[in-house]
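Number of protein chains: 2
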Amino acid sequence: MQTLSENACFGGSQGVYRHASAACDCDMTFGLFLPAEAADGPVPVLWYLSGLTCTHENAMVKAGAQGWAAEQGIALVFPDTSPRGEGVADDPEYDLGQGAGFYVNATQKPWAPHFRMWDYVAEELPGILAADFAIDPDRQAITGHSMGGHGALTLAMNLPGRYRSVSAFAPICNPTRTDWGRKQLAAYLGEDESGWARHDASLLMHDRGFDGPILIDTGTADQFIGNLAPEALAGAIAARRQQATMRLQKGYDHSYFFVSTFMEDHVAFHAEALWA
Amino acid sequence: MQTLSENACFGGSQGVYRHASAACDCDMTFGLFLPAEAADGPVPVLWYLSGLTCTHENAMVKAGAQGWAAEQGIALVFPDTSPRGEGVADDPEYDLGQGAGFYVNATQKPWAPHFRMWDYVAEELPGILAADFAIDPDRQAITGHSMGGHGALTLAMNLPGRYRSVSAFAPICNPTRTDWGRKQLAAYLGEDESGWARHDASLLMHDRGFDGPILIDTGTADQFIGNLAPEALAGAIAARRQQATMRLQKGYDHSYFFVSTFMEDHVAFHAEALWA
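Protein chains in written order, with my numbering: chain A, 1 to 276; chain Z, 1 to 276.
Possibly wrong hints are sitting among the right ones.
[Said to hold, decoys possible] Straight line, CA to CA, 30 Å or less: simulated DSS-like cross-link-like pairs of lysine-lysine: (1) Z:Lys183 - Z:Lys62; (2) A:Lys250 - Z:Lys62; (3) Z:Lys109 - A:Lys62; (4) A:Lys62 - Z:Lys62; (5) Z:Lys250 - Z:Lys62; (6) A:Lys109 - A:Lys183; (7) A:Lys250 - A:Lys62; (8) A:Lys250 - A:Lys109; (9) Z:Lys62 - Z:Lys109.
I should point out that these hints are in silico values taken from the structure, not numbers from a laboratory.
Same shape as in the complex, but just chain A:
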């Protein structure tokens, strides 16, 4: 574990760490905010999964989450969005390959050797956090933006009991049906669509739901809303009678100005579940 930086931040510490990842078979970098309370013992953690083109850094510097997390005494972890490096496959398009891991374990060439973001976020990184930092593995919650919202929702529904609460900012809700999804699921998982369903939040909501509260915000002026399909998830939530709040926020777009605007609400939402 290599410490790339540690900065005092809202009474705690914003760190950036690099480690050799077994899941992704390459070095991986993540950000971790620890509130002051972490000096005295393990604290709850909120995962923040980022969207297309992002690294661990975007939300860490632009989402304005640390102040609210400090107020609530919870940690924030900001994983990268894909494996990276010279030997890692990539694609010239922004929405496939490096920066676009989609939180799946790839089975197809050329992606399979490194693109195992599901295992990285679901298994490897949680183990590292619990072993090396003052993080309480029994108090985890998860959120994300866009592709990261897709990751948060699909991880939460596939891993019952893991997260106390799940939220998302402008999540990709129905990737088996939209352009942000079909291309990537085909590339990473193959043309056989039967393996795609467990990576589609709307289908998971129909089949399983989530045993806890859900909060989702999407902007009415989101320039990518056709690829997000919030209507699919909204319909599935209503049909299932799932405990959830889905908000369409007037005039907001897909940017971090939108994310930061509603971050206070999301951190407070998770803190209520994490400290219950």
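Dock chain Z against chain A, hints included.
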């Protein structure tokens, strides 16, 4: 005036605008956050001047100021730190030329034709804001970070009555004596040091002071503190019996993690003066 972007943000709007600047004789770009209240009429404005290497964008995306400004009903303006473009002189070092205007009017070659950031921030941009946006020119305050803190303090003391309050994050306090200052003042203003004094906050504090409240935060772990010389300004403030709060924040460095941590305090400090 060209609108480069406008994003909904904390109930208001975060815009980025470009215009032909007469002061700098080139196109200049600035960010402007308008709170929801600006739809109903002119609102107070807090200027945020950025540091070395920054553009209009850094603080706009990393300082976390908009939420607090929205809460207080005040606008934020984020000017660039220098003239820019093909025909504008530059230097290979990060601390001179483009990105390093130091908020002075250059008199020396090759800088004199464009490097007139004093006139730009003191005269031209305020006129544009008052003419084209819902900004109340009678309610202005100013802050900044590092080189921008130097700019905020020197503008405030040189323009009595202009700003109701002034604050700074890790400001360069005594540039006539430190490496962040002597090199640039010599390059922009010439080797005759008699013209430098009006661009040195500690000397201005000794000679004039400020008719209003001052708030200054500097981190005890600031890696550039030798070039900031807060002790010079602290001594001058005390000697003058100037109304001021100077805080040394334990463990904080020079980064935006430091700035964002104390932004709530600074916006509230200015709001109290702006709404008085």
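We went through each hint and held it up to the structure:
1. At roughly 28 Å between alpha-carbon atoms, Z:Lys183 and Z:Lys62 fall within 30 Å of each other, so this suggested pair holds.
2. Our distance criterion of 30 Å between C-alpha atoms is met by A:Lys250 and Z:Lys62, whose separation comes to about 24 Å.
3. A distance of roughly 38 Å separates the Cα atoms of Z:Lys109 and A:Lys62; the hinted pair therefore is violated under the 30 Å criterion.
4. A C-alpha spacing of about 5 Å is found between A:Lys62 and Z:Lys62, which places the hinted pair at or below 30 Å, so the restraint holds.
5. At roughly 21 Å between alpha-carbon atoms, Z:Lys250 and Z:Lys62 fall within 30 Å of each other, so this suggested pair holds.
6. For the proposed pair A:Lys109 and A:Lys183, the alpha carbon gap of about 14 Å is at most 30 Å, so the pair holds.
7. Between A:Lys250 and A:Lys62 the alpha-carbon distance is near 21 Å, which keeps this suggested pair within the 30 Å criterion.
8. Distance restraint check for A:Lys250 and A:Lys109: the Cα-Cα separation of roughly 42 Å exceeds the 30 Å cut-off, and the hinted pair is therefore not satisfied.
9. Note on Z:Lys62 and Z:Lys109: the hinted pairing is violated, with a Cα-Cα distance of about 34 Å set against a maximum of 30 Å.
Consistency note: the structure conflicts with the earlier hints numbered 3, 8, 9.
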